[in-house]
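Trainee: Residue numbers (this note's numbering), protein chains in the order written: chain A, 18 to 260; chain B, 8 to 161.
Hints may contain errors.
[Stated by the list, open to error] With a straight-line cut-off of 30 Å between C-alpha atoms, the simulated DSSO-like cross-links for lysine-lysine are:
| # | chain 1 | residue 1 | chain 2 | residue 2 |
| --- | --- | --- | --- | --- |
| 1 | A | Lys156 | A | Lys233 |
| 2 | A | Lys103 | A | Lys245 |
| 3 | A | Lys201 | A | Lys253 |
| 4 | A | Lys253 | B | Lys58 |
| 5 | B | Lys58 | A | Lys82 |
| 6 | A | Lys156 | A | Lys245 |
| 7 | A | Lys194 | A | Lys161 |
| 8 | B | Lys58 | A | Lys201 |
| 9 | A | Lys103 | A | Lys82 |
| 10 | B | Lys58 | A | Lys194 |
| 11 | B | Lys58 | A | Lys25 |
| 12 | B | Lys140 | A | Lys156 |
| 13 | A | Lys201 | B | Lys140 |
| 14 | B | Lys140 | A | Lys103 |
| 15 | A | Lys201 | A | Lys161 |
| 16 | A | Lys194 | A | Lys156 |
| 17 | A | Lys245 | A | Lys201 |
| 18 | B | Lys140 | A | Lys25 |
| 19 | A | Lys233 | A | Lys194 |
What the hints contain is simulated information worked out from the structure, not anything from laboratory work.
One letter stands for each residue in the lines below.
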Amino acid sequence: MPATMPQKRVILTMGGKGGVGKTTFMISLAEWLGTQEMAFQMLDLDVENKSRGSLKHYFEGAAAKVNIHTPAGLDTFIDSLDQGPKIILADMGAGSGQVAHEWFDTMYEAAEEMGIGFTAIGIVTADPASVESVLSWAKALQHKVQYVIVLNEAVQHADFAYWNNTAQAEQFRRIFKPVVITMKNRLADLENPSRQHGATLGDVATRRANVPELEKSSLVARAQGYQKQIFQELDKNRELFLV
Amino acid sequence: MVREFQAVLDGLPGKPPAPLEEYRELICEMRRRGLTYREIAGVLADRFQVKADLGAVYDVLRGVARRKTALPSQRQVKTERATAAPQPSRIPLARPVPQLRQAAPLRQAPRPDARAVRTMPAAQPQVRKVVEKPVFEYDENEPLRLTGDSRSIE
């Protein structure tokens with residue numbers, strides 16, 4: 018990666034393992050970017066996640082659905098950056114690895130010359146498969162991207178032993194020195210109706226969700242707390258998300 | 008066609024050629040010789056006072072690649088990756104451009120692009136400084152190996 022800040026940036030999830038919280042994190046990232054007075058484009062590249070739970074479900078109209086299984090593949094990155102905002106949030110779906118890896122093999126050099134930098138988000142849970150997925154992507158992408166690892170405490174007292182204490186993950190950390198962010202465990206009473214109704218943390222925190230079960234003061238306070246925590250983590254590592 | 012419609016069509020101005028179209032062959036040749044997009048844009052600015060950003064250079068090359076992939080004869084060329092998913096535009100760009108130097112138009116009616124090709128040193132070696140970075144090796148078939156204390160340290 019170039020030592021200087023890129024002129025444009027693609028922030029993509031490493032979409033290998035399904036259900037680890039890729040979209041959940043991207044929603045928070047989108048809301049944080051919204052506070053930075055920086056225009057950005059959201060691309061929903063999750064072809065598996067068709068309705069609820071996809072980025073488009075939360076940001077109807079603002080998130081463009083893109084089918085990456087076309088001959089041009091991820092050229093959308095370049096074309097969108099050429100014509101629109103300088104930051105792209107790309108939520109890759111589970112199983113998007115091969116397409117993404119082939120695209121980086123052939124297009125990375127051109128993208129780099131155009132001043133495009135890449136931030137790859139890997140979501141790790143207690144499930145070893147989530148770690149394996151990140152490592153597989155890193156093997157393919159190597160130093161073409163800057164890595165951010167999000168430790169998603171999907172359950173209380175989540176044990177990240179396979180991230181913290183395996184030889185392979187240790188090698189990954191030593192070589193790439195990824196930024197590590199923690200996403201706190203969220204109350205099911207908040208998380209489930211939010212998914213059902215496509216309400217973001219910000220929607221709930223500011224009582225804009227327009228969903229009765231999400232208007233309880235305790236849930237509003239919870240949402241505010243979760244959002245504050247993740248925003249603080251993003252603030253600390255802002256250079257990986259901005260241009 | 009209705010005569011009125013035809014009259015409207017006849018009255019429309021022709022679409023102007025793309026700004027870098029006349030430099031297409033030159034751009035392709037420079038790319039084949041290993042010049043980066045930025046260096047290509049620099050040559051165009053220095054030699055022809057053509058202001059071109061990297062995206063415009065990319066568009067020209069991508070257009071060439073798309074034309075090539077559209078030709079039936081090109082589809083018959085088998086590559087090692089023939090069974091892989093259709094590739095974006097960089098694959099055709101890596102191929103040599105055959106007979107460009109022997110092409111009659113370049114000799115009979117020299118154009119700006121032909122002059123530039125002649126004055127550039129052939130097959131310039133890449134002078135980029137490459138900093139060796141450690142390669143991350145990972146065997147997907149090998150299970151994750153826990154080391155020492157398997158409890159969380161975070």
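Trainee: Would you mind marking each hint as holding or not holding in the structure?
Mentor: Evaluated hints:
no., hint, result
1, A/Lys156 x A/Lys233, "45 Å, violated"
2, A/Lys103 x A/Lys245, "25 Å, holds"
3, A/Lys201 x A/Lys253, "16 Å, holds"
4, A/Lys253 x B/Lys58, "39 Å, violated"
5, B/Lys58 x A/Lys82, "34 Å, violated"
6, A/Lys156 x A/Lys245, "33 Å, violated"
7, A/Lys194 x A/Lys161, "14 Å, holds"
8, B/Lys58 x A/Lys201, "50 Å, violated"
9, A/Lys103 x A/Lys82, "18 Å, holds"
10, B/Lys58 x A/Lys194, "39 Å, violated"
11, B/Lys58 x A/Lys25, "20 Å, holds"
12, B/Lys140 x A/Lys156, "13 Å, holds"
13, A/Lys201 x B/Lys140, "34 Å, violated"
14, B/Lys140 x A/Lys103, "28 Å, holds"
15, A/Lys201 x A/Lys161, "29 Å, holds"
16, A/Lys194 x A/Lys156, "14 Å, holds"
17, A/Lys245 x A/Lys201, "11 Å, holds"
18, B/Lys140 x A/Lys25, "23 Å, holds"
19, A/Lys233 x A/Lys194, "41 Å, violated"
Of the hints listed earlier, those the structure fails to meet are numbers 1, 4, 5, 6, 8, 10, 13 and 19, in rising order.
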